[in-house]
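Peer 1: Using the sequences and the hints given, assemble the complete structure.
Residues per chain are reported as follows:
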Amino acid sequence: MTSSAPPLLAMRGIAKSFPGVRALSGVDLTVHAGEVVALLGENGAGKSTLMNILAGVHADYEGSILRDGEPVPLHSPRDAARHGIAMIHQELNLVPELSVAENVFLGREPTTARGTVRRREMEERTTRLLAGLGLDLPPRRALKHCQIAERQLIEVAKALSLDVRILVMDEPTSALADAEVRRLHAVIRGLTARGVGVVYISHRLEELEEIADSVTVLRDGVCTGRRAMAETSRAELVRLMVGRPLDELYPRRPAQAPAAPPRLSVRGLRLPSVGGGPALHGIDLTVAPGEIVGLAGLMGAGRTEVLQSLFGHYGARASGEFTLDGRAYRPRSPGQAIRRGLALVAEDRKAQSLVLGNTVRFNASLAALGRFGTPWRTVRRRREAAAVRGQLDALAVRTPGMEVPAGQLSGGNQQKVVLAKCLLTEPGLLLMDEPTRGIDIGAKAQIHTLMDRLAQQGTAILAVSSELPELIGMCDRILVLCEGRLTGEFHRDPARGPVADEESLLTAAMARRTVAEAPKTAVVDPGAGPAVPAPRAGGPAARGGGADSSRGGPEEANEDEESGA
Amino acid sequence: MTSTLDTAEAAEAKAPGRLRRLLPLFGSLQSYIGLVLIFAAGVATKGDVFLNQTNLTNAVGNFSSRGILAVGVTLVIITAGIDLSVGSLMGFASMAAAMMLFHHDMPVWQIVPLCMLIGAAFGFVNGAGTSWLRIQSFVMTLAMLSIARGLDRQMSDNASVGTTVAGPDGKLTENSASFQGLGTPGHNVLVGVLGPDGIYFPVLAFVLVCVVFHLLLSRTRFGRHVYAVGGNPTAARLSGINVTFVVIAVFTLSGMLAGFAGPIDAAYSASADPMAGNGYELDAIAAAVIGGASLAGGKGTIAGTFVGALILTLLDNVLGLNAVSDNWQLVIKGSIVVFAVVLQRPDLLRGAGRRLGRRFGKTPPSEEKTA
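Taken in order, these protein sequences are the chains called A and B.
Everything in the first sequence is counted per the UniProt record's numbering, starting at 1 for the first residue and increasing by one.
Everything in the second sequence is counted per the UniProt record's numbering, starting at 1 for the first residue and increasing by one.
Among the hints, a few may not be true.
For lysine-lysine, the following DSBU-like pairs were computed, each having C-alpha atoms within a straight-line distance of at most 30 angstroms [stated by the list, open to error]:
no.: 1; chain 1: B; residue 1: Lys299; chain 2: A; residue 2: Lys144
no.: 2; chain 1: B; residue 1: Lys299; chain 2: A; residue 2: Lys350
no.: 3; chain 1: B; residue 1: Lys333; chain 2: B; residue 2: Lys46
no.: 4; chain 1: B; residue 1: Lys299; chain 2: B; residue 2: Lys333
no.: 5; chain 1: A; residue 1: Lys350; chain 2: A; residue 2: Lys144
Worth flagging that the hints you see were computed from the coordinates, not collected in a lab.
Predicted, not measured: the structure shown is a model, and the values here were computed from it.
Peer 2: This is how it looks when you write it as structure tokens:
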């Protein structure tokens, strides 16, 4: 870092305004060859704007950008590519209908003299690129059948297929489970060893300690600090980021005595694989009022599927014995689930929870319109507005008003709108899928506080998270899933069972059954009546039947390798 | 990460509250201006003839069946679907109405509900195909366009059926006379209440349909659900909305409105032609789009469609009065649609300008500094 050669990349005095908003002013960023620079800041601090300038998305900006000491104008993504700058966006830029190989070489397909695509060469190169990232995927698989973690690595492969010198990764791990994060970090270290400079945006501080060499912190469009990673602390970074010390990120009060009978109890939850997704093979769980139960596991372990099954998303395809508030419950549709007092904070707020073009009010009241209804099925808009305003205030949503399109809010505030929507239905059981994914640390702490408050008020919460510190910090009990089975249960209270720590959770999350073992248990399985499809063997695995079986093998081998390392 | 679109809308959202509440009632401001411009053009070129009450009444009457179709199509477009079959459905309903009158001498109060029922049944099939069989609505309703037209022509043996039925005394029969009241000016609905001749029924019907469906979309839970399904079907489903029901319902309503427009159109032309309503779906879609509906779903209002329909109506009328040939009328109408869409989304134009500028290697200096 002290070399006399000019840095690989220097951004000097960068400023950028949007109508009515000064997004950035006088920001400097320096990246040396082989260095990982972390870019840190709350949502709305200007990280994405800065990186979009670097990627040539914003043609108009003030300030200068120097590449190896030479000023370079970056006015289009093409300019950026020409100077060896590649960006992996938070929302992945991949085409779901195309194959993995077609995505990697999109727009740069190797062609023959006649202009036809050399498919085989493309696929071979893709396989090699992916292998270099420790990913064994058939290059012909349609991207839509790949999991988010896999897509992330496909984006990396795509960047590598270019001659990339500077790689920008915008929250690459927000959708990844911890083991997958480690794999990605190994990949990044490989890149820096080759002299690539990496700009790494993440909200997870513990991750930065592991991967970053230096860190640049932004707040409200201004650079508030530059530190060598080794010479700083989490506390300092948080202070630079939020401008105030953050006393408690996990405000969970000591576990309450769960004397009450469980609000929800599930026995033998089964789900056939839907569209190539993970299947569930008989899961038992209970959630008591006032209890926060966590679901841990790797990508594809079936965590989301558990929540979605309970919420009626899969209708009758999800089978098992469900008891809700002492009464039998049969998840049929989300509408019925909501009427029975369930609410779901879905995994992907943009794709699954919000109508982005519609107003905050529209979104917040959408699931609870019945509460403001008249006999004519019209909506009492005053009452609706009052209720929505109440929730928005209680959740401290920062928005110019209720009539602003939800898409204009920052990630954290969007997530709070989703929470407001769920809470307006007055749920007795709140299902939360990655409730704090991709939101800044301030909003995160607020959502944690809210979870604690809801639990105190007697709401039962079942939460999925890929961030182990979050689960350990917030949950009274953590259930670990692996390949659609329960592989561990951990407690907050040492008196009740094994205590959760990251290592034991990870071990349980990777407690895969070997290939030889799986069919044996499937046969022995006592719950498998004639109506219930045997795990793996059956199920209407619509179009994914063939692809599924081809996937199981290599992936598993791959994981074993990793856990051994 | 604020895109130009977001910020443009943000600026709009900051407009004073009153204006913001009123604007949607007129559709977007731009289309309202367009309406005024066309009106001015009419006055400037053909002053008295244009402003004549009979002329305006006739103009709206001529377009009202298409306007009614446009309301149904707007509903479908908001759910991110499209209904191409409305013209054919209207044609079928007008033929059915004429035949009920001509062959069975049925009274108008039976004919209209029956036609609406027939239209609704066709619409239900559209909706069922779209949501249960997962056929894309473009394809499903394109097929229905063909099917309904074929049935129409088969049923009528390819011949027009008149709706002015003379009795033995040489005068119109009672049922025929009241049926004609649906579509001809003169002694009409609300006689004495509003003017000596009352209100021209097609105009009344169009306005009434607009009011009812405006309230349905803006005030009811169903209306919210329609927008949610169009804006994000997954989020709608996870919010407890029965998406299948909503999709089937909007197609059924669209078909029902086509069934309602049928008898009106037959009465207006005093006969049902086997090709009646051919191409009307395009006018209906154009009205919705001019009114601000987006084929991507989630956006659109009945008020906007109302203004869009008026623009097309007056445009037809002004061009007709100025003896512009039919061929050029089509060209102008198409251009207006493009123009209207660009006007409503100025960001599209700005973006295109920037892209072109960059392609030719120069960024306009005005954009270098200011955004």
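Peer 1: Indicate, hint by hint, whether the structure satisfies it.
Peer 2: To see whether the hints hold, each was checked on the structure:
| no. | hint | verdict |
| --- | --- | --- |
| 1 | B:Lys299 x A:Lys144 | 27 angstroms, holds |
| 2 | B:Lys299 x A:Lys350 | 17 angstroms, holds |
| 3 | B:Lys333 x B:Lys46 | 19 angstroms, holds |
| 4 | B:Lys299 x B:Lys333 | 22 angstroms, holds |
| 5 | A:Lys350 x A:Lys144 | 17 angstroms, holds |
Going down the numbered hints, you'll see the structure goes against none, and every one checks out.
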